[in-house]
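Asks: If you want the building blocks of each chain, they are given just below.
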Amino acid sequence: MSARKKAGAVYLAVAALVLASWIGNIFVYRGNQLPAGGFLRHYIEAPDSGGSFNLLYVANRQDNRQVASVFVEDVPGLRFYQPAIQTEMRYQKIYRIMAQIDPLGEKSEGEQDPIVIHSVKVQYTDGTSSREDIGEIRIFRQTAPSSGEKSPISSLSSSSSSDGTGTASMTVKRPVTLTGISSAWLPVLGNAFEWQANASGKKLDLPASLTAKQSLTVSYQFHLPEDNPLSMNVYELMLKMTFQEDSGKTYDGTLIAEHVPYPSEAEMHAYVRAQRREKA
Amino acid sequence: MRAAYSRLAWGLALELIDIRIQHFDILPDVLGYLLIMIGLSGIQPQSKLFRVAWGTAGVQLLISIPQLIGRLPSSLSLFPGESSGVNDMIVSNVGTLLDLVMMYGICIGIREKALSAEVCGDLAHMALRVWQAVFGFGAAMLILLPFALNAGLVTGMLFLFFGLGDFIASLWVIALVRKTDRMFAVPDRL
Chain A
1 MSARKKAGAV YLAVAALVLA SWIGNIFVYR GNQLPAGGFL RHYIEAPDSG
51 GSFNLLYVAN RQDNRQVASV FVEDVPGLRF YQPAIQTEMR YQKIYRIMAQ
101 IDPLGEKSEG EQDPIVIHSV KVQYTDGTSS REDIGEIRIF RQTAPSSGEK
151 SPISSLSSSS SSDGTGTASM TVKRPVTLTG ISSAWLPVLG NAFEWQANAS
201 GKKLDLPASL TAKQSLTVSY QFHLPEDNPL SMNVYELMLK MTFQEDSGKT
251 YDGTLIAEHV PYPSEAEMHA YVRAQRREKA
Chain B
1 MRAAYSRLAW GLALELIDIR IQHFDILPDV LGYLLIMIGL SGIQPQSKLF
51 RVAWGTAGVQ LLISIPQLIG RLPSSLSLFP GESSGVNDMI VSNVGTLLDL
101 VMMYGICIGI REKALSAEVC GDLAHMALRV WQAVFGFGAA MLILLPFALN
151 AGLVTGMLFL FFGLGDFIAS LWVIALVRKT DRMFAVPDRL
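These protein sequences, in sequence, are chains A and B.
Per the UniProt record's numbering, residue 1 is the first one in the first sequence, and the count goes up by one each step.
Per the UniProt record's numbering, residue 1 is the first one in the second sequence, and the count goes up by one each step.
Just so you know, these hints were derived from the structure itself, not from any lab.
Backbone N, C-alpha and C fix where the C-beta goes; we use that ideal spot for every residue, glycine too.
There could be a bad hint or two in this list.
[Claimed, not checked] Some but not every residue of chain B turned toward chain A, in silico, with C-beta under 8 Å:
#, residue
1, Gly-85
2, Leu-142
3, Pro-146
4, Leu-149
[Claimed, not checked] The calculated label-pair distances, taken between Cβ atoms and stated as ranges, are:
#, chain 1, residue 1, chain 2, residue 2, range
5, B, Val-154, A, Glu-88, 16 to 26 Å
6, B, Val-94, A, Ile-85, 23 to 33 Å
7, B, Leu-62, A, His-118, 46 to 56 Å
8, A, Ser-264, B, Arg-178, 51 to 61 Å
9, B, Leu-171, A, Ala-3, 21 to 31 Å
10, B, Leu-158, A, Ala-68, 35 to 45 Å
11, A, Ala-266, B, Leu-62, 17 to 27 Å
12, B, Val-94, A, Thr-165, 30 to 40 Å
[Said to hold, decoys possible] Here are the simulated lysine to any residue pairs, SDA-like style, with alpha carbons at most 25 Å apart:
#, chain 1, residue 1, chain 2, residue 2
13, A, Lys-5, B, Leu-97
14, A, Lys-6, B, Ile-143
15, A, Lys-279, B, Gly-85
16, A, Lys-6, B, Gly-165
17, A, Lys-203, A, Thr-254
18, A, Lys-93, A, Ser-161
19, A, Lys-93, B, Gly-85
20, A, Lys-121, A, Ser-69
The shape of chain B in the complex, shown without the other chains (with noise of 0.2 Å):
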């Protein structure tokens, strides 16, 4: 179980964090997707919510494939002068919702988890505010992106401000894995 938190967290730290060199991501988002996958495997048993979250990660690997080889637009041009087009948006659109579903199945199904646990009140309690902060950035972003086919210098800078609290909030989702990971500690030989 410790490794499938484990596997879990290294799969969002990876799908986070995007390090290019000539547009080619070294940390593909395809190995954050898989690992997501293998560590939600381990503990998807235990609530539904897990499963979304799997066959989301599953849905945002398929996507990543074709965006690896640059079949798909992987990022967006956000400031003026460099608006992009519908159909970038769409699959940019597609994506954060599809990422805000499988937020939601972590975040809440650790929430879950918690709360069936009974001794766990403060981890259910940073569950829910995590999911909320996700939730709230990612609904920003939601409603934003479709500003960027007519950006202006102003809607850069929402855009800035909102993909920095994104970015917060995703590694406070880790966090959360991590402090499940320690507060359901059973060593997976056991």
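For reference, chain A alone in the conformation it holds in the complex (with noise of 0.2 Å):
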């Protein structure tokens, strides 16, 4: 072979690696692009008066189009702060929308109770707007909490981890029953959460008496594996814990149990191709 040949036949191989380098990255680039930015499926129990949440927006690192502003035009007293990023990812960004809620006063005629969000206004950085699901916020109007002489449990302390478990710490100062906790997100949740109450380090099955100066923790877990499609959906649990003494009088206490994806790459990349299905 000459060597103008043997140069031609390189410079071809090359233009062709060059072309296969090109199509084999465009093709996993575009696979790992979301159609459009949108927000995570959101299910939270949130009390007025001071109460907060956050709202989490996924969109493409490459994406022109920001979001702007987001409001409710229904709840007047629900805020919504500038988007901040949470977490960078390889393709994506997560920007956390953080809500800040007024109280909401007394409860009108025919309002109702809590008040239930499903979507939010976006207007974003290009000047185009547009109605987004968000899931279902829930927001209650905070009753005069069951504390002091009249409350008949104590709170000692509370925790929560990162990891999706969290723990409350209470002191009963009086005989009461506990009779249940409660959530609307416990049967969307089903075996992915798990709680338990412990009176005097013994497991309790409820409705279960308790005796003055006893110690009660409720302690709670997420198992949400990244395996799990509901992973990547926010949860805000208020967990009512309802007590009642012998007069039949009833107390509630709140627990907040919570979880916030933090997704590996590979989970963002199986809701990426879930999302990509979803609008194909």
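Using the hints, build the complex out of the two chains.
Replies: Here you go:
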């Protein structure tokens, strides 16, 4: 083979490799792009009067269109702050948009309680706007807390961890029965959420009678491994503990249980694939 | 003729070196390509390959103007989390491809000139070696560049390695032009 032909063959081979590199990389790149930015699914219960929660918005890193502002027309007391980056990934960014809830005031006639929000109005930096589904947010009017002299229990401490576990410790001040623990999202989560009540180190079956000075611990755990599609949802549960005295009077205590997704690249890729299938 | 080679060498150096202050290149590529064109225009009648290099430098000059005023991307992020978009990649790939064509014109043009002179075997050999080095690293960059879309740490390190090789090969082109200048030394005024 002459030098000229050899050089030609090398140039052709390089051109083929460059072409293959472009085709392969664009194929992978496109496969990792969301069809459009959007909110994750949120299942949140929150109190009014200073309560807050976060909405998470996922967009491709290269998206020029970004969220400028968010609002809910029907709930003027709900104020959303500017988006802040929560997580930066290879192809996407997750933005956190904090919502602050002002006191909702007395319930007017015909108004539902809790207030349920399924979508928000979003204005984008390119001047466009759209209504976006966010899941379901339930905002409860805050009632007088069952604390102080009236409450049969006193709260000692509570803690939560990013691994989806949390605990609240209380002391029983006078005999009372723990009748139940509830949240609107327990049926949604099913086996993915587990709670347990212990008194003086023993697991309780509800309803359970508690004596004065007994210590009560309520712990929870989310079971949302990466392969569970629910793991990309945001959960904020107000676990309502209902106590009943012998007189029949009831008191509520609340424990917040939270799951915020911090996806791995593989988990985000699975989410992107699901979104692409859904929008196809 | 000497001034032509000198301008060509200075142009290549300016095009190669980027010193940026607040993203502004204080040694803009526009000047580099302009000097390359001026230099090549003094020697291009001798070889059609120099004319190819001159034309390619002209296209590069046109592209570097919007880059200078920020209308086109002039640099890429090649590391995880900073991956660039497809458009940035295309601009960068076209730039690398045009650079390769220009370098081919200069190196192989010098080789043909040296071979035709018959007394410059070393220069012809050097010109071929320089072109092979430029092509090797340039081709590697062309193949690697699209990986910046899906950049990982290993890809970033490979870019650094081949980018450094590309830089050294370009310095070698400047050395080749200087050597050609010395070998065919004919003062301008003659």
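Asks: Can you name, in rising order, the numbers of the hints this structure does not satisfy?
Replies: Structure breaks hints 11, 12.
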